[in-house]
Each structure stands twice: as structure tokens, then as C-alpha cells.
Amino acid sequence: MPSSFCVFKYFFEHRYRHYQRAGDCDLSWISKIQVNQPAVLRRAEQIQARRMVKKEWQAAWLLKAVTFIDLTTLSGDDTSSNVQRLCYKAKYPIREDLLKALNVHDKGLTTAAVCVYPARVCDAVKALKAAGSTIPVASVATGFPAGQTHLKTRLEEIRLAVEDGATEIDVVINRTLVLTGQWEALYDEIRQFRKACGEAHLKTILATGELGSLTNVYKASMIAMMAGSDFIKTSTGKETVNATFPVAIVMLRAIRDFFWKTGNKIGFKPAGGIRSAKDSLAWLSLIKEELGDEWLTPELFRIGASTLLSDIERQIYHHVTGRYAAYHDLPMS
Amino acid sequence: MRIGVIGLILSPTFSFLEMMWRICPALAVGCTVVVLVPPGSPTPLLLAQLAGELGSFPGILNVINGPASLGPILASQPGVQKVTFCGAVEEGRVLRRTLAGQGAELGLALGAESLLVLTEAADVDSAVEGVVDAAWSDRSAGGLRLLIQESVWDETMRRLQERMARLRGGRGLDGAVDMGARGAAAHDLAQRYVREAQSQGAQVFQAGDVPSVSPFFPPTLVSDLPPASPCTQAEVPWPVVVASPFRTAKEALAVANGTPRGGSASVWSERLGQALELGYGLRVGTVWINAHGLRHPEVPTGGCKESGSSWHGGPDGLYEYLRPSGTPARLPSLSENLNYDTFGLAVPLTLPSGPEIGPSPAAPYGLFIGGRFQAPGARSSRCIQDSKGNLQAYVAEGGAKDIRGAVEAAHQAAPGWVSQPPGARASLLWALASALERRESAFTSALERHGVELKTAKVEVELSARRLRAWGARAQAQGHLLQVAELRGPVLRLREPLGVLAIVCPDEWPLLAFASLLAAALAHGNAVVLVPSGVCPIPALEVCQDMATLLPAGLVNVVTGDRDHLTRCLALHQDVQALWYFGSAQGSQFVEWASAGNLKPVWVNRGRPRAWDQEAQGAGPELGLRAARTKALWLPMGD
Numbered sequence: 001m002p003s004s005f006c007v008f009k010y011f012f013e014h015r016y017r018h019y020q021r022a023g024d025c026d027l028s029w030i031s032k033i034q035v036n037q038p039a040v041l042r043r044a045e046q047i048q049a050r051r052m053v054k055k056e057w058q059a060a061w062l063l064k065a066v067t068f069i070d071l072t073t074l075s076g077d078d079t080s081s082n083v084q085r086l087c088y089k090a091k092y093p094i095r096e097d098l099l100k101a102l103n104v105h106d107k108g109l110t111t112a113a114v115c116v117y118p119a120r121v122c123d124a125v126k127a128l129k130a131a132g133s134t135i136p137v138a139s140v141a142t143g144f145p146a147g148q149t150h151l152k153t154r155l156e157e158i159r160l161a162v163e164d165g166a167t168e169i170d171v172v173i174n175r176t177l178v179l180t181g182q183w184e185a186l187y188d189e190i191r192q193f194r195k196a197c198g199e200a201h202l203k204t205i206l207a208t209g210e211l212g213s214l215t216n217v218y219k220a221s222m223i224a225m226m227a228g229s230d231f232i233k234t235s236t237g238k239e240t241v242n243a244t245f246p247v248a249i250v251m252l253r254a255i256r257d258f259f260w261k262t263g264n265k266i267g268f269k270p271a272g273g274i275r276s277a278k279d280s281l282a283w284l285s286l287i288k289e290e291l292g293d294e295w296l297t298p299e300l301f302r303i304g305a306s307t308l309l310s311d312i313e314r315q316i317y318h319h320v321t322g323r324y325a326a327y328h329d330l331p332m333s
Numbered sequence: 001m002r003i004g005v006i007g008l009i010l011s012p013t014f015s016f017l018e019m020m021w022r023i024c025p026a027l028a029v030g031c032t033v034v035v036l037v038p039p040g041s042p043t044p045l046l047l048a049q050l051a052g053e054l055g056s057f058p059g060i061l062n063v064i065n066g067p068a069s070l071g072p073i074l075a076s077q078p079g080v081q082k083v084t085f086c087g088a089v090e091e092g093r094v095l096r097r098t099l100a101g102q103g104a105e106l107g108l109a110l111g112a113e114s115l116l117v118l119t120e121a122a123d124v125d126s127a128v129e130g131v132v133d134a135a136w137s138d139r140s141a142g143g144l145r146l147l148i149q150e151s152v153w154d155e156t157m158r159r160l161q162e163r164m165a166r167l168r169g170g171r172g173l174d175g176a177v178d179m180g181a182r183g184a185a186a187h188d189l190a191q192r193y194v195r196e197a198q199s200q201g202a203q204v205f206q207a208g209d210v211p212s213v214s215p216f217f218p219p220t221l222v223s224d225l226p227p228a229s230p231c232t233q234a235e236v237p238w239p240v241v242v243a244s245p246f247r248t249a250k251e252a253l254a255v256a257n258g259t260p261r262g263g264s265a266s267v268w269s270e271r272l273g274q275a276l277e278l279g280y281g282l283r284v285g286t287v288w289i290n291a292h293g294l295r296h297p298e299v300p301t302g303g304c305k306e307s308g309s310s311w312h313g314g315p316d317g318l319y320e321y322l323r324p325s326g327t328p329a330r331l332p333s334l335s336e337n338l339n340y341d342t343f344g345l346a347v348p349l350t351l352p353s354g355p356e357i358g359p360s361p362a363a364p365y366g367l368f369i370g371g372r373f374q375a376p377g378a379r380s381s382r383c384i385q386d387s388k389g390n391l392q393a394y395v396a397e398g399g400a401k402d403i404r405g406a407v408e409a410a411h412q413a414a415p416g417w418v419s420q421p422p423g424a425r426a427s428l429l430w431a432l433a434s435a436l437e438r439r440e441s442a443f444t445s446a447l448e449r450h451g452v453e454l455k456t457a458k459v460e461v462e463l464s465a466r467r468l469r470a471w472g473a474r475a476q477a478q479g480h481l482l483q484v485a486e487l488r489g490p491v492l493r494l495r496e497p498l499g500v501l502a503i504v505c506p507d508e509w510p511l512l513a514f515a516s517l518l519a520a521a522l523a524h525g526n527a528v529v530l531v532p533s534g535v536c537p538i539p540a541l542e543v544c545q546d547m548a549t550l551l552p553a554g555l556v557n558v559v560t561g562d563r564d565h566l567t568r569c570l571a572l573h574q575d576v577q578a579l580w581y582f583g584s585a586q587g588s589q590f591v592e593w594a595s596a597g598n599l600k601p602v603w604v605n606r607g608r609p610r611a612w613d614q615e616a617q618g619a620g621p622e623l624g625l626r627a628a629r630t631k632a633l634w635l636p637m638g639d
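First to last, the protein sequences are chains D and E.
Numbering follows UniProt numbering, in which position 78 of the first sequence is assigned residue number 78; successive positions increment by one, without gaps.
Numbering follows UniProt numbering, in which position 335 of the second sequence is assigned residue number 335; successive positions increment by one, without gaps.
In short, the hints are calculated from the structure, not lab data.
Predicted model, so just to flag it, every value in this text is computed and none were measured.
Keep in mind that the hints are not guaranteed to be accurate.
Example chain E residues on the side facing chain D (calculated, C-beta under 8 Å, incomplete) [as the list claims (entries may be wrong)]:
1) Ser126
2) Gly130
3) Glu270
4) Gly273
5) Glu277
6) Pro636
Below, a sample of chain D positions facing chain E; criterion: calculated Cβ distance under 7 Å [stated by the list, open to error]:
7) Gln37
8) Met52
9) Arg253
Even for Gly, the Cβ is constructed at its ideal location relative to N, Cα and C.
Work the whole structure out from these sequences, hints included.
Structure, rendered in C-alpha cells:
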């Protein structure tokens, strides 16, 4: 039987830890690391096969998963209207009567954040203020998604996004530095991003699909954490391979090792390719297995997704009514 | 061709998969199977019912639920040609002793412990997952002996303990648990082991979300167990892991090979060279590199040393159920009154029947040990008479001490011979064959004096040389690549030498049998101790003269003397890896009985002569199969 799992405690408390300060760059932490890919693949398969959650526990886990979502829209055709719709959906992610049926309508269930391009940050802030919500706005920055622009403009993007009101910044690392093994330069860059963010939360996107090997993923994670990231994120969502379990296992091991070495807890965010409610449950199991219950809060775990929310809503609808919903039954996001 | 009726005896904690892995190949080659399962397991009965519904062939699969004591009864039924036993080492030994001399051949698959070697160049987190697969899951066969390189000891222990805390135990059918329970007997065994280990000064760590009632046993990690304690020698029960440190890879090999168990092992190292060196050096049946517990029906799985020599899967698994075409079925040759304690204990006196007539023969032959002729320990000789009853020569009377010396010399020469490239081995065998041909007249005359016709003698010598050459040509590094579905990466099926092979040569075809057996053994990289034919050892001793100059010292050792006494010494010797006996039926029975000591694989002829001149019996693939053992080396790939 699934163990008792405290579901409702962290729904609406968006209290942030104090942001991470950059530590020293200690290359000896990564010099002897080797990651064996076939073994990691085997572990990934195992996790997905075990730890099934059913019935009312599944509904509870799904509601918990909603609180981890960074509701995202990163398309070329974003305008203020769809951003407004997104912000409203972030405030009211599940239909009111479904929440009433599950008796959680008064818990203030919202998603964790709203994630948009820098140019749309103003619209998002305005829409959320109009809805009367304290949900933070996250902005991507530093030449998202490829990161192949000059450092000067990348830093300027961060500053402008913070000025516009974004309280979380998702930066992309320079893959060139990883692939050429320039770890110190990578550390310096991320440190500069940290400074440019000021008090905003820094999420470092490693773009693991482009890093070449799991060993590089581990090393990049460590460097990003040493340089002061609050979160490490798997991917931009625009690569060919985005968030997969093997990559996540390696990053979670890096987070755990960093915690053992320094006592600081860094958060984790998979993004891209998480579309079904079943996937989200598997991710929650993964975090619980690898890191433990303390990491299952919005301060330390986010899921970057856009269509995931509708699938979760559909599953909740089925749990409450016993029927499968049509497309038009549930509000659009 | 297929053997016939197979009996299969399973241990109380058998798994359905293990049973199927043995039944299916047997049925596939055309044998019929009788399975003895412990009471309380209905699944095999269901299987037998389904088999019975096949219609045209009722009775191909039969299942009996019964206690283990029915095992010997099943094995001694007339018509049962082979018995395979899976279970604990002690029971296997007892079964081996009970079945000595019976008609059925015995295959043993014993013990469930495995080994994991974690070097400093490993991915420690993945290796910890390997430990979980090996010891703390429902798929693991038994306990685990874990060897950790000292430089990563602290790191590994910390990660192991963290990982143990996340394991969940409970009823096996619950989908969210990692490990179930295996019955009260397994629980008690594990409990006893842990208590003993604690009393001997070890540190015991247990963790995991497991119910504390019997039969559930939590995952256990034992460390700091003194190497000299009895627990280090005993088999580690499930779900216990015993961890010990090592300093270098060479030390790891010495520690790992220092137990009598030889089942399966995994090596964790990202350095290819180091991983392969450890993989080749471990004396086990299966080695996984950077993985643990992978299984596939195409890959042979078995063991060596005390894990028994029965295989399942792959070509070796099929050979278990086949015998060379043309060889007759085995018949029982049990002699009830064979006294195992006194067989071959004392050497009967052989006094000459009358005074010596005729010219005095040359000086007595010594024993050929360590590359030269030596005087026997007992300082006595026996006379060899020719077909007319006249004295032909004196040969040495070898005894227990000489056997000991011979086996030691063979062990010293073995590593050098193994490391010789196959081409060098081939050229030495060819040189020996040429030497044989050069002295053909000497051999022919020696054989003639024993009543062999001149024509036959010439044929014998020529065939002997030809066999030496043929086996020399086959002395390649025998191993081939298996492509396993669902695995990315190769699996190597290596054929490794057994070690020291003891051969008791038959009386028929004295030179040819000697040469055939010697050639097969040497070509596969073994060192040999031979006891030549009792009535006609002269040709063998003449070959030794050539071997003294051609072959490395100690590689081939020839000890003459009373056959029963020497057989006894060899069969009871714990450091002989295999024994081939071609002598009397009583001797065969004794050899089978005595092999239970170190569970060495034996090949006996039960007193029936073989036609050594025919290809099928004298130089067939059977010799090649028995002269080496298989090792499966798994190399999953990916970056």
C-alpha cells in the first residue's frame, strides 16, 4: 500500500528560501566522476515499473503534482490574450466543482508559477495582478533556447526581465563550454548570471540533450550548483531529447551529492515531454525514491509543462465522476 | 543424440524460471523429464497438466511433489539417464556420494551466492544499484559478497546505507515493494548468520521499510568481518551482503578466488582494461561488467569449483542433455559392497613369480614429475611383464607423496601454459608428434612385446601422432561472441582451461589412448597428471623422454604404480580440478564417490572399453567439451 503521504500541507505557501549564494569552484568534486549509462538506463526502467499509485491516493498525488507545475507558454505567437488566459488557468487550474467534490476547494490550489518569454513578462504580471494572485512569474533568459548570443546581451536580458517583474529566471548554460571542457569558464558565466539576477530565483537549464554524455550532465549540474543556482533544470523543451529518466537520475544524484558536501538543498525541474498524468506520477515517485519527501515541495521541485495540466484535470474528472471528459468539458488554458 | 530420461531435483527455494530453464532444453532435444519439487508448490503441477493435454505425447513432463529424500530414489530408477540437482552445497555432496555407481549421470548446480567487485574507477551509484539487484530484490538468487576498493570504501558504505533505507519489503504480490520473503527457513538461516557474524566482531547494519515479523528479513549489510572467521568461509544467505575492502585489483582477484564458490560475479570499473583483467581472472561461471544479474536463455549459465558443473542456457545447456551418437546408454554398475574407506588404500605386493630369466633389463624407469625422471618416494619398483610372461622392464611404484608432488608441479606449470598463445601450444604439440614419428620403431617394438600385432602397432603409433597434430591445430583461443537480443553489447562465451587435469589411462590401446587424452587436455591449456596403463606403461614412459626436452617442466607428469592406489590419491585430492578415469567399474564408482570432496567434474568409463581408434570415441567433440570450462562474459555497452 502506498505509504501515508502528506498531501495538502504545501499547497499555497509560496514562501521562498533565501536565494543561494555562490560557493567556490572546486573542480576536484567532478574530476573523478564516471557515469555508467547502461546501468542508469536499467535503474530508470525499474523506477517506472514499480511504485504504482491507485485510487484516491492517485487523485491526491495528481493534485499535488498540479502544485508543482510551472505553467509554460514559449511560442513565437504568444500575445497578451493567450498569456492572460494562461495566468487565469494558473490561478484556477482545476474546475471548481471537481475541487468541491474532492473537498479541497478552500485550499487555494494553484500552479507554482507561470513561465513566459521576456517580452511577455509585463503582460503576465499585469494579468496575475488583475486576478489578485501572488503566483510568481518566471522568465526565460540568456538567449533561450540556444544560448548562442554574446554574454553582454545575455546578462542584459536577465536584468530587463527582473526589472519587468519576473521573480524567477530560467537561464540556459553555454553548451560550447561544456563540450570543450571549460568548466571554470562555465562556473564564471553562471556566477555572473547569479549576480545579474539579484534576488530573483535562478534556474539553470543544462540542455542535457545536447551535452553528449551522462558524465557531462553530472559535471555541468555540479558546476551550476557550485555557482549559486537555486534550481537545475533538465532541458529547454526545444531539444530533440528533453526530460528523460536516465538524465534525471544523474542530476538527482548530483543534487544529493551537493547536499552531502555543503548542506544546501538545490531544486530540480524537468521540462519538455511531460504530457500525461501518468508521467507526472512517475516523476513524483522518482523524486521521492532518490531524494526523499523533503524535496517534494514547490520550493525544491517544479515540472515545466503546458498540456500536462489538462491531462491531470481529465484524470481528476474521471476520478470524481467515473466518466471520461470530452475536450469541451474542461476550460481551455 | 539425446540422452534419454532426465530427472530434475529442485531445492525448496527454487524459482519457476529456474525450473523452466532446465526443462525446456531437455524437451527441445527430445528427452523426457521427471521433476521432483518440494511439497507446497502447485505451479509445476499445473505445468505438467498442460503438458499432458498436448495429446500425442503424454508423459513427456512429469511432476512429483515430495520431500528431498525421494531424490536418491528417483535417481536410482532404471532408465533415468541423468539427474540434475539444484540446491545447497551440502545436499549436493550427499547426493553425489549416494549416486556413485548408479546408472544416472549427475549434474549439480549448487549454491546461490554471488560476488561484486567495486573498484575505484567505478560509477559508485550504479554499482550500489547493482548491489540492490544482486542481493535485495526478488530476482536475486542468494546473498552477496561485496569487495570494495579501499579508496572508495566510505563513499560506498554511505550510499549503500542511504539506498537501503529506501528499500521496501512486504508481500511479494504487492506492486510497490522491492523484496518479499522466502519462507521461514530462509529467515532463520539469515538470522543465524547475522548473529554469528556479530559474535565474531562484525558490524551489522539493517535498514529498510520491512515488516519485522518472520518471515520478512530486512536488508542487511555486514562489514568488518575478520577474514579468518568461519562466516567468511560459509555461504552468505539472502538478503545479507558481506562487505570487505581490498587495495589493488590483484588483491581483489586473490580474495575473490579464495573461496570454494564459483558461481557468478560482477566487476564494476569504467576502465576497460582493468574490467577485462578482472573478468578474465575471476574463477566463476558468469562475469558481468558494470551490471549484475543479467540472464538470457542464449547465454550459458553455470559455475565451477563448488558451484557444480551443470549448465543451463546456450550451447552448454544443450550439451547437458546430449551424448555422442554411437555411445551406448549408461547402465548401472553399482557394487554394493565396495568399501570406500579401504579401496586403493594399500598397495598390494607384487612379487615376481619366479627367478629372473634372460638378460637383465635396463635401469628402472622413474616417475616423470616436474620435467624429469625422479625416483619414487617409496623407493620401490614394480615389474612389467610382456605378453609371454617374461620380464620386460621395471617401472616405479608411485604413492601418495608422488601424486602430491606431481599435482604441485602441474599447478606451477599451469599459469605459464595458459598464457602461451595458441600458436605456441600448437607448435609444441606438433613437435611432440614429430618426435613420436621419429622414434616409431621403438614404440612399435614396445607394443609388439605386449602382444600387439605389428600392423596394429604401426597404426597405433601413426594415429597417435596424427591425434597430437589434430588437437594442436584445434588449439585456438576458443571463445566466440554471442549476440543476445535485448542487450546492447556483446556477450563472450570463453572456453577456459580447467586447471590441473588428472587422467587415469585405459589398458586398451595403451599408446593411442594416452596420446589422445594428453593432446586434448594440453590443447585446451590444462596441466596434466597421468597414470598410464597398468599392463603396458612403457610406451607412455618413452613419450616422456621426448616431453622432457620439448614441453615446459611440470606441464605433464606421469606417475606409474598401482592404479587403484593412485586413483584414490587423485580422487581425494582437493586441488585437482577434474579427473578422467578409464579403468574398472569399481574404480569408477569410487571416483564418483570421492569427487564429492571438492565436487570436481569426473568422467568415468564404468569398466567398459572404448574404441580409441574410431574418431567418434577417440577424438570426438566430447573430449574437447570436457577438457575446458565455459565462462560467459557480459559486456553491456553505451555511453
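Hints and how they fare:
The interface hint given for E:Ser126 is met, as the beta carbon of that residue sits about 3 Å from the closest beta carbon of chain D, less than 8 Å. Hint status for E:Gly130 relative to chain D: holds, with the closest Cβ pair at about 7 Å, below 8 Å. A distance limit of 8 Å between C-beta atoms decides the matter here; for E:Glu270 the minimum to chain D is near 4 Å, and the interface restraint holds. Below 8 Å, beta-carbon pairs count as interface contacts, and E:Gly273 has none with chain D, the closest being about 14 Å; its hint is therefore violated.
A distance limit of 8 Å between C-beta atoms decides the matter here; for E:Glu277 the minimum to chain D is near 18 Å, and the interface restraint is violated. Residue-level restraint check for E:Pro636 holds (minimum Cβ-Cβ distance to chain D is 4 Å; threshold 8 Å). Given the 7 Å rule on beta carbons, the hint for D:Gln37 holds: about 4 Å separates it from the nearest Cβ of chain E. Using the Cβ-Cβ criterion of 7 Å, the hint placing D:Met52 at the interface with chain E is satisfied: the shortest such distance is roughly 5 Å.
Interface hint status for D:Arg253: upheld, as the beta-carbon distance to the closest one in chain E is roughly 5 Å, under 7 Å.
Hint check: violations occur at hints 4, 5; the rest are consistent with the structure.
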